[in-house]
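Colleague: Chain order of the listed sequences is A, B, C and D. Note that our numbering gives residue 151 to position 151 of the first sequence, counting from 1, and the numbers run on in steps of one. Note that our numbering gives residue 238 to position 238 of the second sequence, counting from 1, and the numbers run on in steps of one. Note that our numbering gives residue 142 to position 142 of the third sequence, counting from 1, and the numbers run on in steps of one. Note that our numbering gives residue 104 to position 104 of the fourth sequence, counting from 1, and the numbers run on in steps of one.
For the record, the hints were derived by calculation from the structure and aren't laboratory data. These figures come from a predicted structure and were not determined experimentally. Note that CB positions come from ideal geometry on N, CA and C, so glycine has one too. Don't take every hint at face value.
What the hints assert, rightly or not - Computed spacing ranges between beta-carbons, pair by pair: (1) B:S302 with C:T50: 47 to 57 Å; (2) B:A312 with A:E96: 50 to 60 Å; (3) B:P221 with A:K318: 51 to 61 Å; (4) A:K318 with B:E223: 51 to 61 Å; (5) D:N4 with B:D291: 13 to 23 Å.
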Amino acid sequence: MGKPQKVSLQEAISLIKDGDMLTFSGFTIWRRPMAAIYEMIRQGKKNLHLVEVNGGTHDDMLIGAGCVKIWESCWVGHELYGKIGGNFSRKAETGEIIYEDYSHVQMLYRLVAGAQGIPFMPTYASLGSDILNPAYDALGRAGLRDGSNPKIPPKKYEMFKEPFSGTEVALIPAAQPDWCIAHVNMVGSEGTVRVFGQKYSDEEAMKAADKVIVITEQIVPEEFIRREPERNLVPPYLVDYIVELPWGAHPTGCFGSYEADGAFINEFFTKTRTQEGFDAWAQEWIFGVKDHDEYLNKLGASRLEKLRASAALGYSTKVKRGSR
Amino acid sequence: MGKPQKVSLQEAISLIKDGDMLTFSGFTIWRRPMAAIYEMIRQGKKNLHLVEVNGGTHDDMLIGAGCVKIWESCWVGHELYGKIGGNFSRKAETGEIIYEDYSHVQMLYRLVAGAQGIPFMPTYASLGSDILNPAYDALGRAGLRDGSNPKIPPKKYEMFKEPFSGTEVALIPAAQPDWCIAHVNMVGSEGTVRVFGQKYSDEEAMKAADKVIVITEQIVPEEFIRREPERNLVPPYLVDYIVELPWGAHPTGCFGSYEADGAFINEFFTKTRTQEGFDAWAQEWIFGVKDHDEYLNKLGASRLEKLRASAALGYSTKVKRGSR
Amino acid sequence: MAGNEYAKPGEFKPIDLLAVAAAREVNDGEVVFAGTGLPMLAIMLAQLTTSPNAVCIYEAGSVDGRPISLPTSVGDARCIYQASIASGLYDVFGQLQRGVVDLAFLGGAEIDQYGNVNTTAMGGYFGGKRLTGSGGNPDINALAKRTVFIFVQEKRRWVERCSYITSPGWRIPHWPSGEFVHKKEVYGKAFRGGPSAVISNMGVFRFDDDGVIYLDTVHPGFTPEQVKENCMFDLNISRVSGETKPPTYRDLELLYNVVDPEGIFLP
Amino acid sequence: MAGNEYAKPGEFKPIDLLAVAAAREVNDGEVVFAGTGLPMLAIMLAQLTTSPNAVCIYEAGSVDGRPISLPTSVGDARCIYQASIASGLYDVFGQLQRGVVDLAFLGGAEIDQYGNVNTTAMGGYFGGKRLTGSGGNPDINALAKRTVFIFVQEKRRWVERCSYITSPGWRIPHWPSGEFVHKKEVYGKAFRGGPSAVISNMGVFRFDDDGVIYLDTVHPGFTPEQVKENCMFDLNISRVSGETKPPTYRDLELLYNVVDPEGIFLP
Numbered sequence: 001m002g003k004p005q006k007v008s009l010q011e012a013i014s015l016i017k018d019g020d021m022l023t024f025s026g027f028t029i030w031r032r033p034m035a036a037i038y039e040m041i042r043q044g045k046k047n048l049h050l051v052e053v054n055g056g057t058h059d060d061m062l063i064g065a066g067c068v069k070i071w072e073s074c075w076v077g078h079e080l081y082g083k084i085g086g087n088f089s090r091k092a093e094t095g096e097i098i099y100e101d102y103s104h105v106q107m108l109y110r111l112v113a114g115a116q117g118i119p120f121m122p123t124y125a126s127l128g129s130d131i132l133n134p135a136y137d138a139l140g141r142a143g144l145r146d147g148s149n150p151k152i153p154p155k156k157y158e159m160f161k162e163p164f165s166g167t168e169v170a171l172i173p174a175a176q177p178d179w180c181i182a183h184v185n186m187v188g189s190e191g192t193v194r195v196f197g198q199k200y201s202d203e204e205a206m207k208a209a210d211k212v213i214v215i216t217e218q219i220v221p222e223e224f225i226r227r228e229p230e231r232n233l234v235p236p237y238l239v240d241y242i243v244e245l246p247w248g249a250h251p252t253g254c255f256g257s258y259e260a261d262g263a264f265i266n267e268f269f270t271k272t273r274t275q276e277g278f279d280a281w282a283q284e285w286i287f288g289v290k291d292h293d294e295y296l297n298k299l300g301a302s303r304l305e306k307l308r309a310s311a312a313l314g315y316s317t318k319v320k321r322g323s324r
Numbered sequence: 001m002g003k004p005q006k007v008s009l010q011e012a013i014s015l016i017k018d019g020d021m022l023t024f025s026g027f028t029i030w031r032r033p034m035a036a037i038y039e040m041i042r043q044g045k046k047n048l049h050l051v052e053v054n055g056g057t058h059d060d061m062l063i064g065a066g067c068v069k070i071w072e073s074c075w076v077g078h079e080l081y082g083k084i085g086g087n088f089s090r091k092a093e094t095g096e097i098i099y100e101d102y103s104h105v106q107m108l109y110r111l112v113a114g115a116q117g118i119p120f121m122p123t124y125a126s127l128g129s130d131i132l133n134p135a136y137d138a139l140g141r142a143g144l145r146d147g148s149n150p151k152i153p154p155k156k157y158e159m160f161k162e163p164f165s166g167t168e169v170a171l172i173p174a175a176q177p178d179w180c181i182a183h184v185n186m187v188g189s190e191g192t193v194r195v196f197g198q199k200y201s202d203e204e205a206m207k208a209a210d211k212v213i214v215i216t217e218q219i220v221p222e223e224f225i226r227r228e229p230e231r232n233l234v235p236p237y238l239v240d241y242i243v244e245l246p247w248g249a250h251p252t253g254c255f256g257s258y259e260a261d262g263a264f265i266n267e268f269f270t271k272t273r274t275q276e277g278f279d280a281w282a283q284e285w286i287f288g289v290k291d292h293d294e295y296l297n298k299l300g301a302s303r304l305e306k307l308r309a310s311a312a313l314g315y316s317t318k319v320k321r322g323s324r
Numbered sequence: 001m002a003g004n005e006y007a008k009p010g011e012f013k014p015i016d017l018l019a020v021a022a023a024r025e026v027n028d029g030e031v032v033f034a035g036t037g038l039p040m041l042a043i044m045l046a047q048l049t050t051s052p053n054a055v056c057i058y059e060a061g062s063v064d065g066r067p068i069s070l071p072t073s074v075g076d077a078r079c080i081y082q083a084s085i086a087s088g089l090y091d092v093f094g095q096l097q098r099g100v101v102d103l104a105f106l107g108g109a110e111i112d113q114y115g116n117v118n119t120t121a122m123g124g125y126f127g128g129k130r131l132t133g134s135g136g137n138p139d140i141n142a143l144a145k146r147t148v149f150i151f152v153q154e155k156r157r158w159v160e161r162c163s164y165i166t167s168p169g170w171r172i173p174h175w176p177s178g179e180f181v182h183k184k185e186v187y188g189k190a191f192r193g194g195p196s197a198v199i200s201n202m203g204v205f206r207f208d209d210d211g212v213i214y215l216d217t218v219h220p221g222f223t224p225e226q227v228k229e230n231c232m233f234d235l236n237i238s239r240v241s242g243e244t245k246p247p248t249y250r251d252l253e254l255l256y257n258v259v260d261p262e263g264i265f266l267p
Numbered sequence: 001m002a003g004n005e006y007a008k009p010g011e012f013k014p015i016d017l018l019a020v021a022a023a024r025e026v027n028d029g030e031v032v033f034a035g036t037g038l039p040m041l042a043i044m045l046a047q048l049t050t051s052p053n054a055v056c057i058y059e060a061g062s063v064d065g066r067p068i069s070l071p072t073s074v075g076d077a078r079c080i081y082q083a084s085i086a087s088g089l090y091d092v093f094g095q096l097q098r099g100v101v102d103l104a105f106l107g108g109a110e111i112d113q114y115g116n117v118n119t120t121a122m123g124g125y126f127g128g129k130r131l132t133g134s135g136g137n138p139d140i141n142a143l144a145k146r147t148v149f150i151f152v153q154e155k156r157r158w159v160e161r162c163s164y165i166t167s168p169g170w171r172i173p174h175w176p177s178g179e180f181v182h183k184k185e186v187y188g189k190a191f192r193g194g195p196s197a198v199i200s201n202m203g204v205f206r207f208d209d210d211g212v213i214y215l216d217t218v219h220p221g222f223t224p225e226q227v228k229e230n231c232m233f234d235l236n237i238s239r240v241s242g243e244t245k246p247p248t249y250r251d252l253e254l255l256y257n258v259v260d261p262e263g264i265f266l267p
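Make a model of the complete structure from these sequences and hints.
Modeller: Here you go:
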């Protein structure tokens, strides 16, 4: 295991190959590596295979841009700011992407097994759901469970009558994505990673993946981050590339750093219900800006300041969120 | 799930019945609930069934006192201060206790499965070890895998050729002990639990057990412990009884609070190699003191002060540990 | 108007009654798993009224948060203010599977007479209208001791059998064969319970021993027959026990001034 | 005497050479899983000399600690000083099983010609002399890419086949049948490596392609024949490549003044 390299976002993303299997940090519209999503779209990635505990604004965008061939997860939407993943739904309905549904626990357990280096996890969760309907094994239907892709298990799951108490459990195969792209609050100068607040399934995602790109709000002296090793998430040797990029999770939220930009997400949702709408939106916000700095300037400093989290609360009190 | 009750050590321990299955916090000679061990011996518990990730001074003592019928774990010793668990070895050799060996990962996984509510965990760890030799299934030999005790699985383990990559894994059955007795650094007034430093397998042990007794160095206002919920280990509803008892882990060490008392442990090891030696030692240190306060006074304040951890380092710099 | 008096028709909105009726399903001291939206209003209202010792878990990884500002989703930074634990999915779903969760609040897009719920696709899994997907709905519904669904009652979404069963109710397919059986048969020793109530904008529904839904109370302003007409299946209205109690003035004040003063879920 | 010169016979103790020879097994940048005692001296000395970027994991749950005071055991509070991560067993054993660990340092009470090690019971599992038990020894030995055993060479403890195989070497029983086969057969696709060296107070040993031990270098002051006489089995001494390099003065200074100034493991 080597030491992580500090690189630019463009360099990090250029290492991802068409067809690679990816997973991400965060939860729905929280702490998603959005700057990396934008850059993957700019670089025109194709045929990506997403395997994630849940989706959100980030994968709906990647799907809208035509970067994704296979989606394995349990949910896409924008929470309060968009009731479905409009791009995901459109491409799912037209058959432009292959979607393989698991439940939250099942997806989590795929990454837990990948992180623990075991071939599967057993679970009682979601027995009786059509998720387990053999007719809905999308990768199987597409002929992709033939062993030619080592990242795709030969079976979606297996029912098993276990020998200890005689119950039936579902065995859910491990996932070890090629890459985890994670947005985090803080990285030490040698690569120790810390997130603030809820950890979602970040630890499992980073440990399951073969390679990890960490995008961080800030790099701090390693000595500082090691004063409280109880608070850290993964050590340097599990990180391959580090990119320092404040606001890199915008428009999703980042506990302790900034609020989710609901207005931005809602506008994305509203404007990208059609492919034409997506293309126009992407022209403005992705292709129309050269890099993350231009993106931030286009958003404007005052918008960002309103989103900045209160030091006491971990979220912003300056954003209008509801109807009153 | 109810709220945890604050009780005396005597009350908490009185709830443990002869024959109950127990697990503990800590690791070898670190953060063991020693005051509870002393009290169990005072109360004359019998036929206890220990299921723990590893043993140490605490279970060697409980075994020496004749409280234990079945031990399922992977290790007993006193680290630098006693190369084997003298009481464990003596009673194992004479057949006075039933010992079922698993490996560290296997024991951990038994509690992981118990904590996650799944019937087993699969693992590649320790394949090829005599731990898996069917002739050495001690509980099976003793006729205890007949289903009459719901806490004892019908099989020690099962080899399984898994359907995803065709490897053979060992399936290790879940354990859900009747009780976890944990010594921790801090508990909120409503019952939120925090430990400092390494967590060992405390989270798994507490979550796997049906009931949890937490012995704490101190109780703090709940509002205080909730300022940093990222640092907390388990919520109040997973705790049944709380006992506030500073130095309750002595002679084992407690990160951030005090050092392991190596001289005390070594004296225990040296003096209790025989049953007569154990009985004399127990007369002095367990039966000869009424309760934890008397025990602390017998140790003496200056001894305790030498063991107290540096606020900067988490351990004491005042203890002579080696030969120089 | 005393706080504990019931509000009169016209003084509350249908959504208020949904939240209040759901809150009444909580028993004090219970551990409750809640999703985004109305479930948040329900558990927070319950904690402010009848169930001060109820504990709320959000699936993104917060346990017993005491937010002073309403979260917009379960991953929201607000969820962990004064929480007991801020962790992640592995912790809280593990607790769920361990059997710690007494009650869950969930929603969905389509529901059937057995309490099966669809949040995945309407009109066919392949080629139908694609929705968000399962999230943790089927996991939570599978493993909580009781589940309460909060559900807008649109006739075409209250069906005899869901076109896709995302979340398993009382009668479910036993995979891989697909035989349709009682939940107890599928879960065996791991069986813990299932949907205990459905709360719609028209009434409160419960399930009989065979796992079939029936109308328990009807909301003010509706008749049982009207409720039945809003189902695609033959709703059992023979067991109606009366009218759903409206919100109290105190409930409404708490909902609008304490729980959701910003108007996030309450318009 | 320059620091990099080798110390002469009489200027170092057998235990010093054990620590130094073990330290030389570390390649810079490797992730090393180390147990209590000599393994700690070896990894710390390696980090101070040839392998400043090696990372040490202790199984109680510390990753890359930079202790300024020698831990007496892997659960010691000292392990996490300036550590990258302080967690628990589930984290670090998970990393081990995931394939992250390059090298492990382990010990034992009895070893056989296949690198199998016994830490459980001498003279029979039931009724024999009971030792500590496995700890993580068999897990680590099973799943690290390479294992180095540090072992005092007492003839009766260097046997043809361990009376109890706690920790699986190169030829092991395939349970449940017990057929004695190469480790690769038992682990299949999960195979990652096995014992790469044994370091005793008399020499450094390695394993041939069949997984049988041979003497690689002999420590100063011993002959290969003497080493062979200290084994119960027919040790292969045909491949001896020379004499083990003694510690340098710098090694000794680091061991006694920096790594273990208190004399915890070095008497």
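Colleague: Against each hint, give a clear statement of whether it holds in the structure.
Modeller: Tested hints:
The hinted window of 47 to 57 Å between S302 of chain B and T50 of chain C holds, with their beta carbons roughly 55 Å apart. Roughly 59 Å separates the CB atoms of A312 of chain B and E96 of chain A, a value that falls within the hinted 50 to 60 Å. Distance hint check: the CB atoms of P221 of chain B and K318 of chain A are about 30 Å apart, inconsistent with the given range 51 to 61 Å. Roughly 25 Å separates the CB atoms of K318 of chain A and E223 of chain B, a value that falls outside the hinted 51 to 61 Å.
Separation of N4 of chain D from D291 of chain B is about 60 Å and departs from the stated range, judged on CB atoms against 13 to 23 Å.
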